[in-house]
Amino acid sequence: MKLSLLAQAISLEFSGMDQEVTSFATLKEATSSQIAFFVNPKLLGDLQNTKAGVVILPAAFLEHLPSSSQALISDNPYLSMAYASAFFAKKPFDTSSPATICEKSSIGTHVVIGSGSVVEEGVQIMPNVTIGANVSIGKNVVIYPNVVIYDGCVIGEGCIIQAGTVIGSDGFGYAHTKLGEHIKIYHTGNVILEENVEVGANTTIDKAVFGSTIIRKGTKIDNLVQIGHNCELGQYCIIVAQSGLAGSSKLGRNVVMGGQSATAGHLEIGDFATIAARGGVSKSIEGGKTYGGFPLTLQSEWLKTHAKIAKFFTKN
Amino acid sequence: MKLSLLAQAISLEFSGMDQEVTSFATLKEATSSQIAFFVNPKLLGDLQNTKAGVVILPAAFLEHLPSSSQALISDNPYLSMAYASAFFAKKPFDTSSPATICEKSSIGTHVVIGSGSVVEEGVQIMPNVTIGANVSIGKNVVIYPNVVIYDGCVIGEGCIIQAGTVIGSDGFGYAHTKLGEHIKIYHTGNVILEENVEVGANTTIDKAVFGSTIIRKGTKIDNLVQIGHNCELGQYCIIVAQSGLAGSSKLGRNVVMGGQSATAGHLEIGDFATIAARGGVSKSIEGGKTYGGFPLTLQSEWLKTHAKIAKFFTKN
Amino acid sequence: MKLSLLAQAISLEFSGMDQEVTSFATLKEATSSQIAFFVNPKLLGDLQNTKAGVVILPAAFLEHLPSSSQALISDNPYLSMAYASAFFAKKPFDTSSPATICEKSSIGTHVVIGSGSVVEEGVQIMPNVTIGANVSIGKNVVIYPNVVIYDGCVIGEGCIIQAGTVIGSDGFGYAHTKLGEHIKIYHTGNVILEENVEVGANTTIDKAVFGSTIIRKGTKIDNLVQIGHNCELGQYCIIVAQSGLAGSSKLGRNVVMGGQSATAGHLEIGDFATIAARGGVSKSIEGGKTYGGFPLTLQSEWLKTHAKIAKFFTKN
Numbered sequence: 001m002k003l004s005l006l007a008q009a010i011s012l013e014f015s016g017m018d019q020e021v022t023s024f025a026t027l028k029e030a031t032s033s034q035i036a037f038f039v040n041p042k043l044l045g046d047l048q049n050t051k052a053g054v055v056i057l058p059a060a061f062l063e064h065l066p067s068s069s070q071a072l073i074s075d076n077p078y079l080s081m082a083y084a085s086a087f088f089a090k091k092p093f094d095t096s097s098p099a100t101i102c103e104k105s106s107i108g109t110h111v112v113i114g115s116g117s118v119v120e121e122g123v124q125i126m127p128n129v130t131i132g133a134n135v136s137i138g139k140n141v142v143i144y145p146n147v148v149i150y151d152g153c154v155i156g157e158g159c160i161i162q163a164g165t166v167i168g169s170d171g172f173g174y175a176h177t178k179l180g181e182h183i184k185i186y187h188t189g190n191v192i193l194e195e196n197v198e199v200g201a202n203t204t205i206d207k208a209v210f211g212s213t214i215i216r217k218g219t220k221i222d223n224l225v226q227i228g229h230n231c232e233l234g235q236y237c238i239i240v241a242q243s244g245l246a247g248s249s250k251l252g253r254n255v256v257m258g259g260q261s262a263t264a265g266h267l268e269i270g271d272f273a274t275i276a277a278r279g280g281v282s283k284s285i286e287g288g289k290t291y292g293g294f295p296l297t298l299q300s301e302w303l304k305t306h307a308k309i310a311k312f313f314t315k316n
Numbered sequence: 001m002k003l004s005l006l007a008q009a010i011s012l013e014f015s016g017m018d019q020e021v022t023s024f025a026t027l028k029e030a031t032s033s034q035i036a037f038f039v040n041p042k043l044l045g046d047l048q049n050t051k052a053g054v055v056i057l058p059a060a061f062l063e064h065l066p067s068s069s070q071a072l073i074s075d076n077p078y079l080s081m082a083y084a085s086a087f088f089a090k091k092p093f094d095t096s097s098p099a100t101i102c103e104k105s106s107i108g109t110h111v112v113i114g115s116g117s118v119v120e121e122g123v124q125i126m127p128n129v130t131i132g133a134n135v136s137i138g139k140n141v142v143i144y145p146n147v148v149i150y151d152g153c154v155i156g157e158g159c160i161i162q163a164g165t166v167i168g169s170d171g172f173g174y175a176h177t178k179l180g181e182h183i184k185i186y187h188t189g190n191v192i193l194e195e196n197v198e199v200g201a202n203t204t205i206d207k208a209v210f211g212s213t214i215i216r217k218g219t220k221i222d223n224l225v226q227i228g229h230n231c232e233l234g235q236y237c238i239i240v241a242q243s244g245l246a247g248s249s250k251l252g253r254n255v256v257m258g259g260q261s262a263t264a265g266h267l268e269i270g271d272f273a274t275i276a277a278r279g280g281v282s283k284s285i286e287g288g289k290t291y292g293g294f295p296l297t298l299q300s301e302w303l304k305t306h307a308k309i310a311k312f313f314t315k316n
Numbered sequence: 001m002k003l004s005l006l007a008q009a010i011s012l013e014f015s016g017m018d019q020e021v022t023s024f025a026t027l028k029e030a031t032s033s034q035i036a037f038f039v040n041p042k043l044l045g046d047l048q049n050t051k052a053g054v055v056i057l058p059a060a061f062l063e064h065l066p067s068s069s070q071a072l073i074s075d076n077p078y079l080s081m082a083y084a085s086a087f088f089a090k091k092p093f094d095t096s097s098p099a100t101i102c103e104k105s106s107i108g109t110h111v112v113i114g115s116g117s118v119v120e121e122g123v124q125i126m127p128n129v130t131i132g133a134n135v136s137i138g139k140n141v142v143i144y145p146n147v148v149i150y151d152g153c154v155i156g157e158g159c160i161i162q163a164g165t166v167i168g169s170d171g172f173g174y175a176h177t178k179l180g181e182h183i184k185i186y187h188t189g190n191v192i193l194e195e196n197v198e199v200g201a202n203t204t205i206d207k208a209v210f211g212s213t214i215i216r217k218g219t220k221i222d223n224l225v226q227i228g229h230n231c232e233l234g235q236y237c238i239i240v241a242q243s244g245l246a247g248s249s250k251l252g253r254n255v256v257m258g259g260q261s262a263t264a265g266h267l268e269i270g271d272f273a274t275i276a277a278r279g280g281v282s283k284s285i286e287g288g289k290t291y292g293g294f295p296l297t298l299q300s301e302w303l304k305t306h307a308k309i310a311k312f313f314t315k316n
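Protein chains in written order, with this note's numbering: chain A, 1 to 316; chain B, 1 to 316; chain C, 1 to 316.
Calculated directly from the structure, the hints in this document are not laboratory data.
All C-beta atoms in this analysis are idealised placements derived from N, C-alpha and C, irrespective of residue type, glycine included.
Mixed in with the good hints there might be a few duds.
Stated by the list, open to error - What the simulated footprint calls covered on chain B by chain A, stretch by stretch (three residues with Cβ under 8 Å from a Cβ of chain A suffice, anywhere in the stretch; the number is not a length):
1. 35 to 47
2. 140 to 147
3. 220 to 232
4. 295 to 301
What the hints assert, rightly or not - Restricting the straight-line Cα-Cα distance to at most 20 Å, the calculated cross-link-like pairs of lysine to aspartate or glutamate (DMTMM-like) are:
5. B/178 - C/271
6. C/315 - B/301
7. B/184 - C/157
8. B/184 - C/268
9. A/2 - A/18
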């Protein structure tokens with residue numbers, strides 16, 4: 001899309017040299033044909049070093065923009081980005097061209113596989129599964145009935161996906177107008193499951209805004225779990241039923257999340273940490289310990305405190 | 001159905017003038033061909049003013065029934081209504097007659113659309129979606145794969161429904177016998193999504209008993225959310241993943257429900273209220289404030305109290 | 001499968017008399033053609049009385065094995081069982097041979113019903129439902145669109161299953177290697193719904209490891225509920241939305257679980273117990289009472305304690 005047309009469509013002034021723009025990316029990752037946006041002063045270094053062809057930013061930060069990038073000035077770059085994102089959204093689940101399906105795979109009835117997707121040897125896809133375009137399904141993957149996998153996702157060798165699970169749904173991301181409306185940020189990222197990941201039934205894993213939501217090898221996820229956009233789960237994690245990981249949660253290896261536990265997003269959990277059932281993680285925590293409660297504490301403290309509360313308020 | 005036959009079928013005596021009855025409605029909304037029931041003494045005014053053709057009620061309240069209504073006397077009108085509701089239930093997802101589908105829409109493979117449903121211009125319905133009878137799908141709606149929409153629901157212009165979501169499932173409503181059995185109340189209402197509502201993946205929104213569960217324009221609902229029968233959500237609400245709204249919750253505009261939060265049902269939340277993650281709303285609250293905890297309090301109080309608890313019980 | 005080959009496949013020594021083995025079972029239930037494993041010293045009696053053809057056990061307990069059973073010695077019998085379970089897993093959702101479908105039933109479009117399944121009179125199965133092999137669907141059952149029922153499950157007369165629900169998904173069970181990998185235990189059990197059970201939308205009920213996950217007659221389950229492997233729910237229970245029952249929870253009759261409540265698994269709840277919304281049951285409790293909170297207490301205590309906490313920490 002022409003930058004001049006995009007600028008016009010989202011009501012931003014543009015007087016630079018016109019160019020073709022293809023998509024959004026972060027300041028760090030954007031290339032000369034991509035657009036980034038700047039809204040968080042903590043990322044000033046990223047702005048100063050960006051290779052993005054175009055950056056949407058407030059006028060006050062214009063002086064920090066490298067000469068290789070063009071500016072689109074906006075009072076609310078996040079909102080401008082949301083409006084612009086709609087123009088880069090592709091029509092989802094396109095089936096206009098064929099998929100490549102290994103003949104040594106087993107595809108059930110009423111299965112739909114989108115344009116350009118690749119299904120490798122030994123895969124079993126059961127009935128009524130819907131797979132989007134440009135999805136990659138590795139060797140010996142087993143996909144149970146009525147699963148949905150969105151465009152561009154990558155399912156590693158040996159993964160098992162139980163029935164009804166949705167992989168790659170749009171993340172829950174909106175910018176907000178002064179009138180209180182929520183403007184959808186069209187997500188262009190994907191979900192990557194590395195090898196031997198298992199996902200339970202009716203679980204949801206959202207695609208990344210840009211880049212990937214990543215589940216590393218050998219991680220096992222139970223039923224009705226929610227994994228937000230841009231999460232990254234290390235190897236061999238265990239995520240028990242009805243847990244919810246908010247966007248951009250980063251888990252180390254062998255992290256255990258008990259049933260109905262949750263994270264608040266944009267935080268890190270160290271390797272070999274265990275979160276007891278119902279634990280609510282609201283900030284980054286170090287590995288190797290067992291946590292519980294909400295607000296979160298060490299599980300041993302939580303148990304002690306609750307015993308004390310019961311005792312104290314029985315007497316008082 | 002003939003009233004005399006219905007009365008016989010649910011073992012109630014009837015000696016009035018026979019008439020055709022078509023369905024149930026509330027005392028307030030029932031017309032002369034409908035049946036209402038009276039069980040809550042607080043609604044005595046509704047009984048006295050009802051236009052219902054028939055009312056199921058205990059003998060003690062017979063004197064309050066308008067002369068325009070006939071009585072079916074029952075010791076347990078709610079249970080009688082439950083038994084009777086089965087007789088008005090239509091066979092769901094009927095496909096015996098055609099739907100009206102705009103040719104400027106895109107319908108995926110293995111999509112089923114029930115009798116009398118209408119799909120407007122610019123709609124995209126992806127594979128393996130099942131839509132019931134008499135559903136209305138407004139302009140430019142996008143429905144992702146494997147979504148299910150029950151009979152009679154209304155999806156407003158520009159709505160987006162992510163994969164695996166169920167709209168219009170039967171509400172969780174039963175009457176109870178003395179033996180402890182639960183008798184299903186067949187729900188005849190629907191769900192209405194106004195324009196530009198987005199619903200995440202594997203979410204469930206139950207239809208109303210009678211009338212409508214309503215989600216007003218611009219409201220955004222995340223994944224794995226439960227919205228009970230007869231809820232009403234105002235404009236531009238944000239309902240984060242794994243929240244649960246019990247039946248007949250009424251939210252104002254721009255209400256935010258954090259992840260895994262919940263309401264107890266039959267309560268109101270004022271405009272611009274925010275419920276922090278895990279907050280449990282058990283009674284009506286005024287708008288414009290941020291609440292948290294369970295039992296619910298102001299979020300600032302919740303934080304303070306928990307800091308004090310941690311301090312106090314470390315020392316004591 | 002030949003025992004000698006199985007032993008070789010899972011790297012255990014075997015020098016006994018070769019025999020055909022067909023599947024796994026518990027020490028108590030295994031027959032002469034089945035394999036059991038011994039890992040819990042509390043079950044020593046079961047070991048001493050087992051009728052299993054083969055038992056995987058540590059060398060130290062060999063002396064307790066009946067002479068009718070052969071031994072496979074393993075330092076980690078649970079892990080060995082997990083590796084072995086893969087060899088007994090059948091290809092799921094087989095459709096190579098026909099199902100038996102009563103002509104007085106109504107089967108929607110794009111419905112798949114697996115080999116050997118039986119659908120009785122008066123059943124209505126709506127579009128895009130997927131049913132595995134050897135499933136039994138009793139009289140007058142109603143199955144809404146996009147439901148998935150795994151192999152071998154039994155759906156009793158008059159059951160209603162709302163859209164998107166998954167019945168019989170693999171339980172979340174793994175053995176763990178020293179390197180922290182999780183080895184899948186292939187579940188060979190099933191789910192049994194007795195008559196007149198209703199299950200809400202997008203709920204998940206896992207099959208048993210061996211044997212059955214059982215929901216007794218007249219129990220009603222709401223939307224987005226998780227029921228783990230080997231649970232047993234008594235008659236006429238009410239399980240409200242987003243509740244989670246961990247594996248091997250055993251509920252008596254007429255137990256009520258409020259919204260977002262949970263159990264920790266391997267525990268019993270007595271008849272007519274009520275768990276308030278959000279209650280977290282972490283150990284067995286007697287029936288006839290109302291519980292709440294987490295850690296769980298009597299609901300009346302929970303309310304009192306929280307009132308006292310609010311008062312005390314306002315002043316202190």
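Item checked: Structure versus earlier hints, numbers of those that do not hold, lowest first -> Hints 1, 4, 8 are the ones this structure does not satisfy, whereas the remaining hints hold.
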